[in-house]
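Novice: Next come the chains, spelled out residue by residue.
2 protein chains.
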Amino acid sequence: MDNKGTTSYNGSSSKLNNEDSSVQLFNLNDSSEFNSNSNSKLQSIQSLNESASSSIAIYGYDQIKQKKTKKRVTAAFGKRAAYENFTTIDWNHDFAKDRNRKNKVKKRKTLKGRLYLIYDACQSWILVILIGMVTGLLAAFIAISSDWISDIKEGHCKSGFYLNRKFCCWGNPGSQCSDWEQWSNFFNINSSFLKKIINLGMYTLIACLATFIAAYLVREYAPYSAGSGIPEVKTILGGFVIKDFLGIHTLIMKCIGLSLSVGAGLSVGKEGPLVHVGCCVGNLCSRLFSKFNNNSARRREALSAASAAGVSVAFGAPIGAVLFSLEEVSYYFPMKTLWRSFLSALVGALTLQLMNPFRSGKVVLFQVAYTRIWHIFELPIYILLGAIGGLYGAFFIKMNMKVVRLRKFSWLKKYPIQEVFIVTLITSIVSYGFLFLRVSMTQLISNLFRECSELESDFGGLCKKSQLKSTIFMLLIALILKIIMTIFTFGIRVPAGIFVPSLAVGALIGRIVGILMQLWQESHPDLWLFSSCNPDVQCVTPGVYAFIGAAAALGGVTRMTVSTTVIMFELTGSLSYVLPVMVTVMVSKWVGDAFDKDSIYDALIDLNQYPFLDNKREYYSDAIVSDIMTKEDNIIALPAIGLTLNDIENILQEYQYQGFPIINNTYDKLLIGYIGRSELRYTIDQASELENVDGLVQCYFTKKSPDAYGINDPTKPRRYLDLRPWIDATPYTITPNYKVVKVLEIFKKIGLRHVIVVKRGKLVGILNKKDLLRYLSTLKDNKIK
Amino acid sequence: MDNKGTTSYNGSSSKLNNEDSSVQLFNLNDSSEFNSNSNSKLQSIQSLNESASSSIAIYGYDQIKQKKTKKRVTAAFGKRAAYENFTTIDWNHDFAKDRNRKNKVKKRKTLKGRLYLIYDACQSWILVILIGMVTGLLAAFIAISSDWISDIKEGHCKSGFYLNRKFCCWGNPGSQCSDWEQWSNFFNINSSFLKKIINLGMYTLIACLATFIAAYLVREYAPYSAGSGIPEVKTILGGFVIKDFLGIHTLIMKCIGLSLSVGAGLSVGKEGPLVHVGCCVGNLCSRLFSKFNNNSARRREALSAASAAGVSVAFGAPIGAVLFSLEEVSYYFPMKTLWRSFLSALVGALTLQLMNPFRSGKVVLFQVAYTRIWHIFELPIYILLGAIGGLYGAFFIKMNMKVVRLRKFSWLKKYPIQEVFIVTLITSIVSYGFLFLRVSMTQLISNLFRECSELESDFGGLCKKSQLKSTIFMLLIALILKIIMTIFTFGIRVPAGIFVPSLAVGALIGRIVGILMQLWQESHPDLWLFSSCNPDVQCVTPGVYAFIGAAAALGGVTRMTVSTTVIMFELTGSLSYVLPVMVTVMVSKWVGDAFDKDSIYDALIDLNQYPFLDNKREYYSDAIVSDIMTKEDNIIALPAIGLTLNDIENILQEYQYQGFPIINNTYDKLLIGYIGRSELRYTIDQASELENVDGLVQCYFTKKSPDAYGINDPTKPRRYLDLRPWIDATPYTITPNYKVVKVLEIFKKIGLRHVIVVKRGKLVGILNKKDLLRYLSTLKDNKIK
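Protein chains in written order, with full-length UniProt numbering: chain A, 1 to 785; chain B, 1 to 785.
Hint data in this document are derived by calculation from the structure and do not stem from the laboratory.
Hints may contain errors.
Note: identical chains are not told apart, hence a pair may lie in one copy or across any two.
30 Å max Cα-Cα, derived DSS-like pairs, lysine-lysine [stated by the list, open to error]: (1) Lys-749 - Lys-102; (2) Lys-631 - Lys-762; (3) Lys-631 - Lys-669; (4) Lys-102 - Lys-748; (5) Lys-106 - Lys-770; (6) Lys-196 - Lys-166; (7) Lys-770 - Lys-669; (8) Lys-749 - Lys-291; (9) Lys-102 - Lys-112; (10) Lys-107 - Lys-616; (11) Lys-742 - Lys-336; (12) Lys-336 - Lys-748; (13) Lys-413 - Lys-770; (14) Lys-469 - Lys-196; (15) Lys-748 - Lys-770; (16) Lys-597 - Lys-104; (17) Lys-748 - Lys-104.
So that you can see chain A by itself, here it is in the shape it has in the complex (with noise of 0.2 Å):
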């Protein structure tokens, strides 16, 4: 239509127009892997659908394209800048990208091309092994590490100062041991009284001087590994780019954070940040492989398998982690991911198991076996405890983010480490008084998912039948005193996780309703209600009414259903109760969502306005792209022919745009394809670095030469630089009138970073992934909860 009759292809050996010799046409592709749309096949089809006469200039233009390969750049382009940071990344651009990649890796047909090609297919296998296996020996470095912190606090090791307590004691546990000395022994107190101020002392001093030491390595060295880390890493899946979150820097101080956090004691636990750490190691390992590391899309389906072996060595529970990466963290998860998850989290075990960090022999957190059946009147007090836990959630949450929020926009946020230090003289105090608060968490679980018969001794009364009316007020104290704690310490400023917390709160819960429940089933034997127990054997056991008060709790704080259930049985090593915990795990989410369907995680991404396009909400809205799309007259967008390099230089530097439209021009609008910001960048740093190449050098997008425009004084010699190579000449586009909640779809579905609006061919503007984000949180109070 427009393209009819107006003129022809220049072409220095063209038929047609052999005049133009003196053209000088720089051709900055040097086939680089990353435009999927630029191949001759595509140009000369294309064609058939033209004028017979460019047609005929299409043949000219590939003889250019022979004849001057020699001048052509020679320069290793090889990769082209990486997302700028706080941007978000082009899945599917991405994805074409990988796709022409194989495609061309598939076409050598040599010998070595053959081996190449099972090479790259081992690849991904190869990474995951990796991830796998750094992940485990981390894992066992910060279990080895925070065991020894958390034992310090309360003596030393005369044999050794470097040796935890159990190994210390390795061959006469218990109170025999003479090597492990208390602090009160070490500074040769006699008094009473004194000895347990100095124990004290000593317990709070440690405590506090070791999360001061990761508040301020944190807030020195790498502020990102503060907190969690799931909410962000999450985000980074979803295809935003942060960078450093995944960086060595990172890796380390968690590692380091980790261990001294969990060891001082706070109310935190290392099994969520496990996760960043395998995400972490996920990312320096991907950038061995070049498959992965220039590529930023396939680099997060690295990801997801590395927080998969994350919580697989973090629980020891690799299925649960692979369905943890599944439903909680990642974005797309192909089944590709999901095999490699598979082999993450199994690689991960394994290492963890063949380290054996704990001597135990066990990958298992908890090791418990209950010889009970359940009784079907426990049903509704399982599903009591899944409310129960699901209302702890909800309510979790919303004080937490209080707390967050506070310390995030009050003067609090000045004075970390100072929180920090408050924060665990607080703990440490407190917790010293209570044997459950002492103890670490997963003692304190462990204990409590036992049943009576099993534990070796009574741990607080747990099984006294005699005292177990005080022993339920001492649980009470101790699990107000833990949620408490939970709520202030989830969020400042050193690596924690929730999961663990979650556990124990949720443990204390059950097991606090579990003796309620034998205490009443004892009392009345003969009621109807307990007629199917068996009169000689205990018939209600505590121990199960925490491990399922565990499951409660951990899923309302989460909302994961599958990965809880499965993380449980991992935990235990348990499988006779799998219908009662997937009872009240669904309980609970559904009490949960009742008050808000947002988990911990997407509060705190809510919170931190992460630009995260949540997969699980459902919006509802009647607008169309024309209302929330950026116009076409606040757009950039560049004439296919008529600009200089320097022209150019200046639209970058003038406008941060992460791309550009490409038109015919100024007045017909007609979208010709979309140039990358950082593409764009690239080539024009390429092309001044060439000969002959100056500021005045007019560049050009379309088919068409400058020549059929005549812009050029036909007396000098003409200079051209050729971008066709470099734009994207099939991008995503929609017309005005496609709903908001339609392209929603498309732009979660596809992943899309932006979708440009054309009508009839006509640029008439873009939505951006921004964009349709600011518009969907006014949406927010409209959502389905």
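Given chain A, work out where chain B should sit, using these hints.
Specialist: Below, chain B alone, put in the same frame as chain A:
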């Protein structure tokens, strides 16, 4: 552009053209739910982009809409025609339809509206609970009846012919049961040789009779109920429509046929077909809920949950079932579906447990508790087992495909019942002689999995130390026979699954390897390899090898990883072997994939050429859309104005296309929208019943009224049919230079049925899913295996 200044809209009460009062405008839009793009906001916003006159005309249009309300069709349009048989559904369209429906529900602010909103939100949960319950009941029925048939092959119960042996002998099991009578005793035979003959005869006779009935019923009443059903379910969940495949007849015949074929002792399982049963239940139950009944895409979400319920009741493995639905069956699996599948699987398992068909109180099929842990030296053997399982899988698929192809394309296809009869005859006679084959497969597997110390009585010499070598020989023969029988049986025209036969084959292989290992270790206890063995106790547990072998074979045949692993644990209730099983399954998948990436189900989908767009497969091609699309000159595009009702009727009768693009006129061919065949059919059928409508009435699809074109004779009253509300004004469009692989991603991810190819607004072609599938099948050799 083309709308400017030419004309204004018609409108009987429009301020502009009041002389138009004779215009009868039949607006068939009853705000029916299915068109997401036809609300007045859209119109008015569009009008802002148009000239002033047309926005006034829109106002006139609205007035008509209000004024003519009473004259408009009041018939209950409610439902529109569903998709036609053997067509592909348009996910995207259906999701839009559902969003629209929800949007409308949310807007009702009355109490009734709010209550309905709650009901609407609960519908899906109620549905999946219902599906779980019904599926659980049916599974219990199938289990009981197949058990009964299996038992009466050997004898009958004197106290009631309807009792199986277990219930007949309830209270006094073992050989003392006097109520259970062998057939030889029933016929009063004394000669021991004749006894054997009679018993074998009855065994064979009843088996043949059972499968004959099954095959006859299947052929006469529900041909779709034959086979496993999983390939078809996969295809349906992928968006294809196969009427009656999930209907009531299929369900009934599947249940009956399954009981008969499994009871007859064929080498088939009932577990896979239970997925089909679950999906039938899901399909039938979703008819009760308008949300699902009227929306094919939403119904498929319910079917995903139903398939999880099916596997859950098949194995008593609710979590594995959810993963099975995710990994193998489902196409789209959003988080919501995950939670629903979880609930559905849970309810199914709970129902089955409450029904307690085996009176064992357990849902777990092969309860086993291994007391020993594994040794590092066993890992290579597990990996070897994984490799054997993968090899077996590849071999089985290849061989079975040969048999299926023979059955499908040779003379054999005319005699399905005869074939079933002969297979049963041979199976019965062969099996009768071998204990390992005579017992039901679940019994066989269960015994092979057990540790010797757990077996109540020795089973076929598995544990007799003295005769282990001859036992290996027997196992080997059983293995070979089992493989041959399974290859020939899977695919015959009775309901038949492949899960349990695969497990059985794998368990046989594993037990053989396990016994060999045991013999080796016991004969060389001092070998360095076995240094980790404790000298006093048994070191190698052959039952574990059987368990691992079964996982490997199942993995090899189905190529599932995570779900195989989880199902294996839930089957046995034992978590101690997580890591070895994961390793084995991964190896099995790799080895199998090295031969062919297709699982047995994918191979069957390929063989039957179902239109299934495999999510897992990757294609590489340089082709662009214009190479493979249906070109514009082969498309029936409707001009927006100028067609009479008769014309449309003729077009519908002449062309069987699933829909028609609408263009402004046959010269410019600017795309205006798209109308589906069923919408068009339905609309004009409804219109023809209106008063004053005959075949000559003008239909129009554009904002401009027919008057604008001056087509009608001004002296006669003009009559138009306004089809605007029925068109999709924002169909997905692409340009012809899109790469095919890029479009493939869009098809997969968004679930399109077709995409319209435009160039600067002008229609140039259509790309259907079938065009795409046809092209991809030519690429098969090119695919990355």
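Novice: Could you run down the list of hints and mark each one as holding or not?
Specialist: Verification of the supplied hints:
Taking the shortest Cα distances, Lys-749 and Lys-102 sit within 30 Å of each other both inside one copy (22 Å) and across copies (20 Å). When the C-alpha separation of Lys-631 and Lys-762 is checked against a cutoff of 30 Å, the pair qualifies both within a copy, at 12 Å, and between copies, at 23 Å. For the identical chains of this complex, Lys-631 and Lys-669 are neighbours both inside a copy (13 Å) and across copies (27 Å), given an alpha-carbon limit of 30 Å. In this assembly of identical chains, Lys-102 and Lys-748 lie within 30 Å of each other by CA distance both inside one copy and across copies; the values are 25 Å within and 19 Å between.
In this homomeric assembly, Lys-106 and Lys-770 come within 30 Å of each other (Cα to Cα) only across copies, at 26 Å, whereas the closest approach inside a single copy is 37 Å. In the homo-oligomer, the alpha carbons of Lys-196 and Lys-166 lie at most 30 Å apart inside one protomer (22 Å), although the nearest pairing across protomers, at 67 Å, exceeds that limit. With identical chains, the CA atoms of Lys-770 and Lys-669 are at most 30 Å apart within one copy only, with a shortest distance of 24 Å there and 35 Å across copies. Taking identical chains as interchangeable, the C-alpha atoms of Lys-749 and Lys-291 lie at most 30 Å apart whether they share a chain (23 Å) or sit on different chains (23 Å).
For the identical chains of this complex, Lys-102 and Lys-112 are intra-copy neighbours only, at 15 Å inside a copy versus 57 Å across copies, given an alpha-carbon limit of 30 Å. When the C-alpha separation of Lys-107 and Lys-616 is checked against a cutoff of 30 Å, the pair qualifies only between copies, where the shortest distance is 21 Å, while the shortest distance within a copy is 40 Å. Taking CA atoms no more than 30 Å apart as the test, Lys-742 paired with Lys-336 passes in both settings, with 28 Å inside one copy and 19 Å between copies. In the homo-oligomer, the alpha carbons of Lys-336 and Lys-748 lie at most 30 Å apart both inside one protomer (19 Å) and across protomers (15 Å), since each shortest distance falls under that limit.
In the homo-oligomer, the alpha carbons of Lys-413 and Lys-770 lie at most 30 Å apart inside one protomer (27 Å), although the nearest pairing across protomers, at 59 Å, exceeds that limit. In this assembly of identical chains, Lys-469 and Lys-196 lie within 30 Å of each other by CA distance solely inside one copy; the values are 28 Å within and 69 Å between copies. For a Cα distance limit of 30 Å, the shortest separation of Lys-748 from Lys-770 qualifies both inside one copy, at 13 Å, and across copies, at 25 Å. With identical chains, the CA atoms of Lys-597 and Lys-104 are at most 30 Å apart between copies only, with a shortest distance of 22 Å across copies and 45 Å within one.
Taking the shortest Cα distances, Lys-748 and Lys-104 sit within 30 Å of each other both inside one copy (29 Å) and across copies (23 Å).
Violated hints: none; the structure is consistent with every hint.
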